[in-house]
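What follows is each chain in one-letter form.
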Amino acid sequence: MTRLIRAAAVVTGICTIAVFFMMLILGWPLFSHGHLFALLVGGWNPGSDQFGILPMMVGSTAIAGGALLVGTPLSLGVAFVTAVFARGRMRRVLLSCVRLMSGVPTVVYGFVALIYLVPFIRSQFHSGSGFSILTASLVLGLLISPTMIVLFVNALDGVDPRARRAAAALGATPVQRLLYLQLSEALPGLLSGVVMGLGRAMGDTFISLMLAGNSINMPDGVLESARTLTAHIALVMAVDFHSLEFQSIYLCGFVLYLFTFMLVLILRVVDHRFRRGRVQ
Amino acid sequence: MKRCAELLLVIFSWLALLVFATSFLSLFVVLLLRVRGLDAVSLFFGDTPPVDALLHGLPVFDGIYPALLGTVSVVMVAVLCAVLPGVFTGIYLAEFAGPWAHRIVNLLVDVLTGLPSIVVGLAGFSFMVLLHNLFPGAPGPCMAWSALALGFLVLPCLVRTTETALQGIPAELRRTAPALGATKVQNIFFVLLPFRAKDLLGGVILATGRAAEDTAVIMLTGVVASAPGMHSLFKQFEALPFYIYYMSSQYRDLAELQYGFGASITLLLLCGVFFAAAFLLQSYVSFRFRGSSWLQK
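As they're listed, the protein sequences go chains Y and F. Reminder that position 214 of the first sequence reads as 214 in this note's numbering, one-by-one numbering, no gaps. Reminder that position 245 of the second sequence reads as 245 in this note's numbering, one-by-one numbering, no gaps.
The shape of chain Y in the complex, shown without the other chains:
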């Protein structure tokens, strides 16, 4: 039994590492075909053998960044209400609603936004098709909010209750307690909530695939169409398996893997700081 348990852990670990090497090895023809630098910063022009994924990286960053700009203030506000302003039953109802919202499937957001939000954006801004970075960011911001709210509420509730009671005893109103005590104490927790939100936004495929238009050109503004790394993988799947164009999706997978790894390391650092701060 002990052996079986160890074996399970080893298999889990090896599979995770194997994904990384799979991306590296299968994308290798592309790596050796051109310079890595050219692949990462060059444009996309399969006609002249250019398979740079820079437009996709810009698209991913823009859409995920936009989603954070929409989602963070929204989630912070809702988390403040849930953790501080609401009491008793309202607090419980809010929390369970938010938990429930985090289970709404991604394609459902995409589908409804495609039918309603895309024509709305098109008619509001009179430019483009409505499939834009803005549309995708708005929906993605809403999509990542429930997760972020739960993390924010956990962080705000995690502040030492003794300190909270002390502040209340000194006559601080709930708002003052939030503003001058909980906000600064819970900052690392809030920060890691934002990082997790960023991870979810970067990793999402279907919102950007359905709403961002998937144009391969470098986007010039938020009303332009763009393609994300994840959507690129989904779109190129239909192309001939041995072409260099196909192998570019492994480069995308590789970049996404490295990005995830980086976020995990950032979370570690934040968490570490958090723990050390609490001991003192």
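Because the hints were derived from the structure by calculation, they are not lab data. Some hints could be false.
Cβ-Cβ distance ranges computed for the label pairs, FRET-style [as the list claims (entries may be wrong)]: (1) P161(Y) <-> A171(F): 19 to 25 Å; (2) R89(Y) <-> A40(F): 31 to 37 Å; (3) L32(F) <-> G88(Y): 38 to 44 Å.
Built from N, CA and C at the ideal position, the CB exists for glycine as well.
On the provided structure of chain Y, position chain F as indicated by the hints.
Only chain F this time, still in chain Y's reference frame:
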């Protein structure tokens, strides 16, 4: 000045809540409005008589019944595949791992948690192709591959729940069975895990929900737009999330669009049913556990 900031913060928070609630309410209202007037039988079974489809396995062409069946079966198989490795890895992390092994496995599980589902799908696809090149008889895109890849996707969820469940056990309970002569493994499987059965099932619920809503993984490993016949593990299949995605870009008329909305509501409800079923199971297990310990007293 400070008063002003405080007031602004309060106003901002409630406004945010208002925007958040309105967005989600409008999402649900839109879904409900759009499926109004849609006949449930034709939504699920199209022109095929429901009894024939359910009992005789007659193919359904226009309905979402095959997609629903496909989603339920692929999710079940995926979670079944993932439960053992997930729980065992969690046990390893909580009980067996030395400091270095813990650090490494922990980091890898964290990376796996954050990995975008399309990357997992791409890995599953590549593995399938590699295997196919090595053994030409290996199955191509099919439900088994999708289930394996989905299982891999939800693995970290199971690992984490098991690990935190085991870590939260009070020391008195942890030491009782070993003091009576139980081995470490016996202690884990007969005392610690049953004590935390509720939390473990909670993890399985989460895993099921996440597997049911994911589209990217199955899209790369075996889902197709139309597979009207009966399902098999080694055939391609339909699934609700992919059906919705397909309808969003390929609908030809308003009726088909309405089918898309119908499928969306069904998927939403399905996730809800998974949750409810798991909750019922949860209370059942904890009841049984309490019952047996009461009998032993």
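Hint check:
1. Between P161(Y) and A171(F) the C-beta distance comes to about 23 Å, which sits within the given range of 19 to 25 Å.
2. The supplied range of 31 to 37 Å is met by R89(Y) and A40(F), whose beta-carbon atoms lie about 35 Å from each other.
3. Between L32(F) and G88(Y) the beta carbons are some 30 Å apart, a value that contradicts the proposed interval 38 to 44 Å.
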